[in-house]
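Protein chains: 2
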Amino acid sequence: MIRYLPILTWGRTYDRSALSNDLMAALIVTIMLIPQSLAYALLAGLPAEAGLYASIVPILLYTVFGTSRALAVGPVAVVSLMTAAALSTIAEQGTMGYAVAALSLAGLSGVMLLAMGLFRLGFIANFLSHPVIAGFITASGIIIAASQLKHIFGIEAEGHSLVELVISLAHHATQTNWVTAIIGIGATGFLFWVRRNMKPMLEHLGLGSGLTSVLVKAGPVAVVIVTTLAVWGLGLEDQGVKVVGAVPQSLPPFTLPSFSPDLLTQLLLPAFLISIIGFVESISVAQTLAAKKRQRIDPDQELIGLGAANIGAALTGGFPVTGGFSRSVVNFDAGAETPAAGAFTAVGLAFAAVTLTPLIYFLPKATLAATIIVAVLSLVDFSILRRSWAYSKADFAAVLTTIIATLVFGVEAGVSAGVVLSIVLHLYASSKPHIAEVGQVPGTEHFRNILRHDVITDPRVVTLRVDESLYFANARYLEDKVQERVAGDPTVRHVILQCSAINEIDLSALESLEAINERLGEMGVTLHLSEVKGPVMDRLMAQHFLTAMTGQVFLSQFQAAKAVAALPDG
Amino acid sequence: MIRYLPILTWGRTYDRSALSNDLMAALIVTIMLIPQSLAYALLAGLPAEAGLYASIVPILLYTVFGTSRALAVGPVAVVSLMTAAALSTIAEQGTMGYAVAALSLAGLSGVMLLAMGLFRLGFIANFLSHPVIAGFITASGIIIAASQLKHIFGIEAEGHSLVELVISLAHHATQTNWVTAIIGIGATGFLFWVRRNMKPMLEHLGLGSGLTSVLVKAGPVAVVIVTTLAVWGLGLEDQGVKVVGAVPQSLPPFTLPSFSPDLLTQLLLPAFLISIIGFVESISVAQTLAAKKRQRIDPDQELIGLGAANIGAALTGGFPVTGGFSRSVVNFDAGAETPAAGAFTAVGLAFAAVTLTPLIYFLPKATLAATIIVAVLSLVDFSILRRSWAYSKADFAAVLTTIIATLVFGVEAGVSAGVVLSIVLHLYASSKPHIAEVGQVPGTEHFRNILRHDVITDPRVVTLRVDESLYFANARYLEDKVQERVAGDPTVRHVILQCSAINEIDLSALESLEAINERLGEMGVTLHLSEVKGPVMDRLMAQHFLTAMTGQVFLSQFQAAKAVAALPDG
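Listed in order, the protein sequences are those of chains A and B.
Add 1199 to a position in the first sequence, counting from 1, and you land on the number used in my numbering.
Add 1199 to a position in the second sequence, counting from 1, and you land on the number used in my numbering.
Some clues are possibly wrong.
It does not matter which identical chain is used: a pair holds within one copy or between any two.
[Stated by the list, open to error] Below, computed lysine-lysine pairings styled on DSS-like, alpha-carbon distance capped at 30 angstroms: (1) Lys1491 - Lys1680; (2) Lys1732 - Lys1416; (3) Lys1680 - Lys1592; (4) Lys1492 - Lys1592; (5) Lys1441 - Lys1592; (6) Lys1416 - Lys1631; (7) Lys1732 - Lys1398; (8) Lys1441 - Lys1491; (9) Lys1441 - Lys1492; (10) Lys1491 - Lys1761; (11) Lys1491 - Lys1631; (12) Lys1761 - Lys1592; (13) Lys1732 - Lys1492; (14) Lys1732 - Lys1631; (15) Lys1492 - Lys1680; (16) Lys1631 - Lys1398; (17) Lys1492 - Lys1631; (18) Lys1398 - Lys1680; (19) Lys1441 - Lys1680; (20) Lys1680 - Lys1761; (21) Lys1761 - Lys1441.
No wet-lab data here; the hints were simulated from the structure.
On a predicted model such as this, the values are computed, not experimentally measured, just so you know.
Next up, chain A with everything else stripped away, as it sits in the complex (with noise of 0.2 angstroms):
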C-alpha cells in the first residue's frame, strides 16, 4: 500500500515549516506555468485552455502517486511537438475531433505508463541512449522554433519536419502580418535580452540574487502583460493581430477520451514514443534533484506517477504531460519540500484558470510563440556532435542520424531511427568482439596481448583472451578466429581460451564452444579453458561439454601455461 501510495510517507511527518516552503514555491511556479501552458498548449494545436487543464488534475494525481518531491509535471515542449505530429494526420486543428484525439492520446499514453511501472519495464526506456536524446531534443527544439515562426509573422504555414515547414513558410511569407511581426519579434529580442543580460545586469545593480531571480522569471509575464494591453488598448486584433480570445472560465471539465479502436491503433505507436521520451526526461530531472537532497526515486513508481497523471489528464481536457525540467528546476530552487507544493500549484492555476482568463483575451499568440521559441532553444545544442565524434563513431553515427531523421521525416521516425541503429551499432559491436592472442610478460604472471607487448610464447600454444560475453551474435565468430589461427599452423598442439572478461555464456557460444573443440580434436589440438567466471562455471559443470573437453579448465592462465608446457604433444 505505502509502496504504491508515497503521499503516506511523506504525509505524515508533514509540518508547518514544510508548508511555508511549499507555498512559496508553489507560488513562484504558478506565475511561471501561467504562460508556459498556454503556449505548449498551442504549440499542440489545442485551445490555450487545454494548457491550464493539463496542469491542475494532473499535478494533483502527481502529487499523491509520485516519488519525487520537486518534480512539476504539465505540458512540455517536446512531448507537446509530439503530440501535434502525432495528430496531425489524424484531424484539423481546432476541430473536436482533434481535441479528443488529444484525449485519448493522453489516455493511452498514461495506461502505457501504468502498465509499464505495474509490471516494472521501465527498462525499456533504457534503450534511448543519451546521445540519442540529445540530438533528438536538439532537433525538436529547432522544430519547434521553425514552427512558432508563423505566429511571429502572422502567417500560415505548416509541417511536422524542418523541411516541410521552411517551406511552407517561405511559400507564404509574402502574407506577414507586420504589426504582429512587430509584436513577435520585439517580444522574442525582449525575452532573449532578460535571459542573456538582465540578470547580471541587476546583480551588478546590487540586487539580491534571490530577487533578481524572481525578476527574470517574471520577464515573461511582464512581456505577456504588456503586450495584451497594447493590442487592447490599440486595438491591434482589427490590424490581423491574432490573439488567445475567448477562453471558458471554468475548472477543468470532466471529459471521456475516444475509445475508437481505429484511433487507438493509430496512436498506439505515437503514445508508446511520448510516454518512453517523457518518461526519460522526467526521470533525470527527478534523479538529478532528488540527488541533490540525498533522496530516493523509484522509477517504476514513477512510471505509476506519470501515468495516473496522463490519465487524469484525459479525463479532465488536456493532453499528454510529463515532468518539466526547467520548471521542476524552479520548483526546487524556490524551495519547495515535498510534493504538497505541486497541489498548491494545482489550486494556483484552478484560480487563473476560474478568473484570470477573461483577461487574456487579447493576448497575441505571436507572444506565446515568443515565449515558446526563447524557451526551447536553449535546449538546441550541438556540441552533442562534437563530443560524441571524440569519443566514439557509433555514438557519434546514432546521435547524427537522430538528428538528421527528425528534421527531414520529423519527431517520431527520428527517434525510432536513433534508437534502432544504436540497437543496431551495439549488436554490431559485440557480434565481433576484441579477441587477443596473449603471451606471458616475463618476470610476471601477467599475460597481455602478443601485439602490443613483448611477451613470451610457446609456438607449440596459442593463448586466446576473449573480451566480451560469448552468446549467439559473437559465437560463430570466435569459432572462425580460432580456426583461422590454428588452421595454417601445424606446429600448434593447445589452445587455451582465457576467459577472464566472459560474464556469461549462451547456449549457442556453448555449443560453439563444443564445435571448437571437436574441430580441434580433429586436428590433433587440446583445448584447455583457463580464469572462467564462477556463474559460468556453474553452467558449463551441469553440461556434457567439460567432460568431452579434450583439455583442462585452470584456474588462472598462469597455472594453464605451466601445465601445458608441461605436456607432450598432441
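Once you have looked at the hints, place chain B on chain A.
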C-alpha cells in the same frame, strides 16, 4: 584475384590421384542426387526437372567461387519449403508465373548473398542463434513431412503451416486413393527399414562397411526403380496414381527472372530469410568438414560462392539452392578432395537430364514424397527443448517460440519471431547486469560478493563490481543501483566501482558515470574506480570525466581498498 577465385589455388596442384577420388565421389553423389533433386523440386511446388537444373549450373559456379572442398550445393529441404511458402501468396503452383517467381527469388537471394560477401556482412547470419536454428529446422521438418502426406495418400491438401495442413488433410481424407497410399506407405516403410535395419543386417552378414554404405545410399534409387516399373507394368496411372509425367529431355535452359518491382518487393523478406538460413546451414556443414582436414573456410567467400550459385540457378531454370548437409557428408565420405568433384557431379546430372528423363515418366509422386519424409524426419529433434531448458530459460524461450511460431504461422514468421525474441532477451539480460557488492576475503587480496562469502567490509566504503560492459541499455540501471545503495545509508563516504568485467563504456555510460559522480558529490560521497581495462582507460583519459571525478582510479581493487581506508571522511 586469387582471393575471389579459390579455384586458382586448388586448381594449380590438381593431380591424377585427386581426379580419380573426385570422380568416384561424384558418381555416388550423382546417384543420390537424382531422386533428391526431383523430390525437392516437388516440395518447392515446381516441376521435377527444375530440381535437376538447380543442381547443374549452381554446382559449377560454386566450384569456381566456393572455398569448401566437400560442400555439395543444390536444392535442400528447408530452403525448398521456404521457397514454396514464399511463392504461395504470389502465384498458383504449376503456372508460368510461379516458375518465374522462383527464378526471381533465387536471383534476389543470389544478389543478397553476393552483396553480403563483398561487403563482408556475413556476421548478420550470426544473429540466428543455434537454439533458434535447431527449433526452426525441427519445426520445418514436421511441416515438410506433413506437406508430403497429400502425395502419399493421393489427395489434395494445401497450407504452409502445420495447422493449415492438418485441417486441409483431414478435410480431404475421404478422397484417399488407396493404390497411391499402398505405394506411398510401402515406400516410406521400406526406406525407414533401410535406414534403421539394413545397415546392421548387412554388416552382420559380413559385407564391408564401404559396400554396406553404398547399398544403404542406393535404397532410394531402388525404390524409385521398383515403384516406377510397378506403375508402368501394372498400368497404375489409370488407377489414379499421380506420376512425374513428361519431363523435357534437355540441358538446363537459359531463363530470365522477372524484374517486376512489385514482385521483387514482395520477395525481399523471403529472399533475405532464405539467404540467411541457407548460408547458416551451408557454412556449418562446410566448417565441420573442413576441420576434419585442417582446412579453412572463408565465410565471406562462401557468401560469394553461394550467391553465384543462386544467380546461376535463376538463369538456368532452377530455384534457391544452398549447401546440403547429407549430400556434403556423402561427398566427403566418398573421398571428394576438391570442388572438382562438384563439377563432375554436375556433368553426371546433366547427362541424366539429357538421357534418363524419359525413364522417370511413370515415377510416382508418392515415391518422391516418401524419400522426402524419410530424409526430413531425421532433422526433427526435440532434444533441443530439454537441453535449452536445462541450460538457460532465455534460450528455451527462444526455441519454444520458434517452434510454435513456425508450426502455427509458417516458416517466415517462425524464424523472424525466434531471431527477434533472442535479440530482445539478450538486450534485456544485458540491460540488468549482475552488480555485486564485494568485500575483501580475509588474508587475501581478493574481493568477492558479500552475499556469497565471509568478507571484510568497511561501513564507510561501498564497493560494487559490475559484471557487464556499460552501454546505454544498462547505464541508467547502474545509476539507480548506486543511488539505491547510497541514498538510504548516511554512513557511506566512498563508492568504489570495480571495473574488471567492463570491456566497454559507451558515451551514455560515460554520462551516467558523470551523473553518478555528481550526485554522489552532492551527497558528500567520493567515487573511485578500480581495475579499469586498458582500452577503456584510453577512452576515459581523453575525456573531462577523470578530472571531474571526486576520487581516484586504482590499478587493483586491493590498492583501492587500502588507499580509501586511509582517506579522511568526505
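Going through the hints against the structure:
1. Taking the closest pair of Cα atoms, lysine 1491 and lysine 1680 come within 30 angstroms of each other only across two copies (17 angstroms); inside a single copy the shortest separation is 49 angstroms, beyond that limit.
2. In this assembly of identical chains, the alpha carbons of lysine 1732 and lysine 1416 never lie at most 30 angstroms apart, being 56 angstroms within a copy and 47 angstroms across copies at closest.
3. When the C-alpha separation of lysine 1680 and lysine 1592 is checked against a cutoff of 30 angstroms, the pair qualifies both within a copy, at 25 angstroms, and between copies, at 28 angstroms.
4. For a Cα distance limit of 30 angstroms, the shortest separation of lysine 1492 from lysine 1592 qualifies neither inside one copy, at 37 angstroms, nor across copies, at 41 angstroms.
5. For a Cα distance limit of 30 angstroms, the shortest separation of lysine 1441 from lysine 1592 qualifies neither inside one copy, at 47 angstroms, nor across copies, at 62 angstroms.
6. In this assembly of identical chains, lysine 1416 and lysine 1631 lie within 30 angstroms of each other by CA distance neither inside one copy nor across copies; the values are 52 angstroms within and 41 angstroms between.
7. In this homomeric assembly, lysine 1732 and lysine 1398 never come within 30 angstroms of each other (Cα to Cα): the closest approach is 58 angstroms inside a single copy and 46 angstroms across copies.
8. Within a single copy, lysine 1441 and lysine 1491 get their C-alpha atoms no closer than 44 angstroms, and across copies no closer than 82 angstroms, so neither meets the 30 angstroms cut-off.
9. Taking the shortest alpha-carbon separations for lysine 1441 and lysine 1492, neither the intra-copy value of 45 angstroms nor the inter-copy value of 83 angstroms comes in at or below 30 angstroms.
10. Proximity of lysine 1491 and lysine 1761 under a CA criterion of 30 angstroms is satisfied inter-copy only: 29 angstroms between copies versus 53 angstroms inside one chain copy.
11. Taking the shortest Cα distances, lysine 1491 and lysine 1631 sit within 30 angstroms of each other only across copies (25 angstroms), while inside one copy they are farther apart (41 angstroms).
12. When the C-alpha separation of lysine 1761 and lysine 1592 is checked against a cutoff of 30 angstroms, the pair qualifies neither within a copy, at 41 angstroms, nor between copies, at 38 angstroms.
13. Taking identical chains as interchangeable, the C-alpha atoms of lysine 1732 and lysine 1492 are never at most 30 angstroms apart, the minima being 38 angstroms within one chain and 33 angstroms between chains.
14. In the homo-oligomer, the alpha carbons of lysine 1732 and lysine 1631 lie at most 30 angstroms apart both inside one protomer (21 angstroms) and across protomers (18 angstroms), since each shortest distance falls under that limit.
15. In the homo-oligomer, the alpha carbons of lysine 1492 and lysine 1680 lie at most 30 angstroms apart only across protomers (17 angstroms), although the nearest pairing inside one protomer, at 52 angstroms, exceeds that limit.
16. For the identical chains of this complex, lysine 1631 and lysine 1398 are neighbours neither inside a copy (53 angstroms) nor across copies (44 angstroms), given an alpha-carbon limit of 30 angstroms.
17. When the C-alpha separation of lysine 1492 and lysine 1631 is checked against a cutoff of 30 angstroms, the pair qualifies only between copies, where the shortest distance is 26 angstroms, while the shortest distance within a copy is 43 angstroms.
18. Proximity of lysine 1398 and lysine 1680 under a CA criterion of 30 angstroms is satisfied in neither setting, with 62 angstroms inside one chain copy and 39 angstroms between copies.
19. With identical chains, the CA atoms of lysine 1441 and lysine 1680 are never at most 30 angstroms apart, being 69 angstroms at best within one copy and 51 angstroms at best between copies.
20. Taking the shortest alpha-carbon separations for lysine 1680 and lysine 1761, only the intra-copy value of 24 angstroms comes in at or below 30 angstroms, while the best inter-copy value is 41 angstroms.
21. Taking the closest pair of Cα atoms, lysine 1761 and lysine 1441 never come within 30 angstroms of each other, the shortest separation being 85 angstroms inside a single copy and 70 angstroms across copies.
Hint violations for this structure: numbers 2, 4, 5, 6, 7, 8, 9, 12, 13, 16, 18, 19, 21, all remaining hints satisfied.
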